[in-house]
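Dock chain U against chain C, hints included.
From first to last, the protein sequence lines are chains C and U.
Residues in the first sequence are numbered consecutively from 1, following the numbering used here.
Residues in the second sequence are numbered consecutively from 183, following the numbering used here.
Keep in mind the hints are simulated off the structure, nothing from the lab.
Careful: at least some of the hints might be erroneous.
Distance condition first, Cα-Cα at most 25 Å in a straight line; then the derived SDA-like pairs of lysine to any residue [to be verified]:
hint : chain 1 : residue 1 : chain 2 : residue 2
1    : U       : 212       : C       : 49
2    : C       : 19        : U       : 216
3    : C       : 19        : U       : 288
4    : C       : 171       : C       : 159
5    : U       : 186       : C       : 18
6    : U       : 193       : C       : 117
7    : U       : 186       : C       : 167
8    : C       : 19        : C       : 49
9    : U       : 212       : C       : 171
10   : C       : 133       : U       : 187
11   : U       : 218       : C       : 18
12   : U       : 212       : C       : 37
13   : C       : 171       : U       : 184
14   : U       : 193       : C       : 14
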Amino acid sequence: MSAALKVVAVEDDRELVEKFRAGERRAFDELVRRHQGSIQRLSLRFLRDAEEARDLAQRAFVQAFERLETFRGEASFRTWVYRITVNLALSQVRKHRPTLEPLGETPAESVEDRADDKTLSRLRAAVEKLPPKQRMCVELRSFEDLSFREVAEIVGCSEDAAKVNFHHALKRLRELMGEEVR
Amino acid sequence: MNEKEIERALKQLRGPLPDDDELFVAQVRKRYEARKLGRRWRLPLATFALAAAAALLALVGPHPVIPSLAPHAAPSHLADDADYLDEDPCELIGELDHDEVLRVSAQYKNGV
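Only chain C is shown next, with the shape it has when bound in the complex (with noise of 0.2 Å):
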């Protein structure tokens, strides 16, 4: 997506909220319906249940409409919807769970230059390795193509804390591939 696309979509963001706030039921269903796909995902990669995964991701949607009147103007509606799934998902991992669930079997997109099963299997181990920071600026970076900014509001870190915490994650992760590979 071009960044003069994503600016559009921003803002298209923000007109459905003030259409929301204005009592516009239309609003509503079009923000669910836009950013469901990636929460539910994002829900999934936390709980590993598809069904927990829906839950959790309705739920987010619902307190993310109700606390709208303190929703900040100058935040994507995304990165609110977002930070609040990513607080509600370790919560109840860490009721239910001591760590982070490991990500499991996904199905990869197709891309021509695809890495190889064996070689995504040992990156998807190492992913697991890393520290929950780390892991989380890798996860909300790569597979959900956030911006730094946006995985800083997320994560609760300055823009700078969210690039030094996926360049140390890369670094990892390479030492981790490499290891494997002695």
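Okay, now just chain U, sitting in the frame of chain C:
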């Protein structure tokens, strides 16, 4: 693997986006509206419950104040007599002659 290759491989790890799901949208709307309705009733219900609790406490609380038993109130069985307290009991007697007084006195067994 260099970092660029790792970044490319990471993108292959992400799962596919779920299809657009109108049922999901409807379920979110239903949950939101149910909670909104719950919030709308919460304040009136809380007010009503508080008023009911206060009324109950006034009736059966540890130190109930019942008007008929208040310290300075006349007992209920004496309430009718109180109407006569303003009258002068000697007034009628003064209008009677001595024989009448004796007769009335005898009827009340010398109690007057």
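Against the structure, the hints:
Restraint check: the Cα-Cα separation between residue 212 of chain U and residue 49 of chain C comes to about 22 Å, which is no more than 25 Å; the hinted pair holds. In summary, the hint linking residue 19 of chain C to residue 216 of chain U is supported, as the alpha carbons are separated by about 21 Å, within the 25 Å threshold. The hinted pair formed by residue 19 of chain C and residue 288 of chain U fails the criterion: a straight-line CA distance of about 98 Å is larger than 25 Å. As the CA atoms of residue 171 of chain C and residue 159 of chain C are separated by approximately 18 Å, the hinted pair is consistent with the 25 Å bound.
Proposed proximity of residue 186 of chain U and residue 18 of chain C is contradicted: the alpha carbons are some 40 Å apart, above 25 Å. Distance check on the hinted pair: residue 193 of chain U and residue 117 of chain C sit about 13 Å apart at the alpha-carbon level, within 25 Å; holds. With a CA separation close to 11 Å, the supplied pair residue 186 of chain U and residue 167 of chain C stays within the 25 Å bound. Restraint check: the Cα-Cα separation between residue 19 of chain C and residue 49 of chain C comes to about 34 Å, which exceeds 25 Å; the hinted pair is violated.
The suggested pairing of residue 212 of chain U with residue 171 of chain C is violated, with an alpha-carbon distance near 45 Å, which exceeds 25 Å. A distance of roughly 22 Å separates the Cα atoms of residue 133 of chain C and residue 187 of chain U; the hinted pair therefore holds under the 25 Å criterion. Restraint check for residue 218 of chain U and residue 18 of chain C: satisfied, since their Cα atoms lie roughly 18 Å apart, inside the 25 Å limit. The hinted pair formed by residue 212 of chain U and residue 37 of chain C meets the criterion: a straight-line CA distance of about 18 Å does not exceed 25 Å.
Among the hinted pairs, residue 171 of chain C with residue 184 of chain U is consistent with the structure: their alpha-carbon atoms are about 9 Å apart, no more than 25 Å. With a C-alpha separation of about 28 Å, the suggested pair residue 193 of chain U and residue 14 of chain C falls outside the 25 Å cut-off, and the hint is violated.
The earlier numbered hints that this structure contradicts are 3, 5, 8, 9 and 14.
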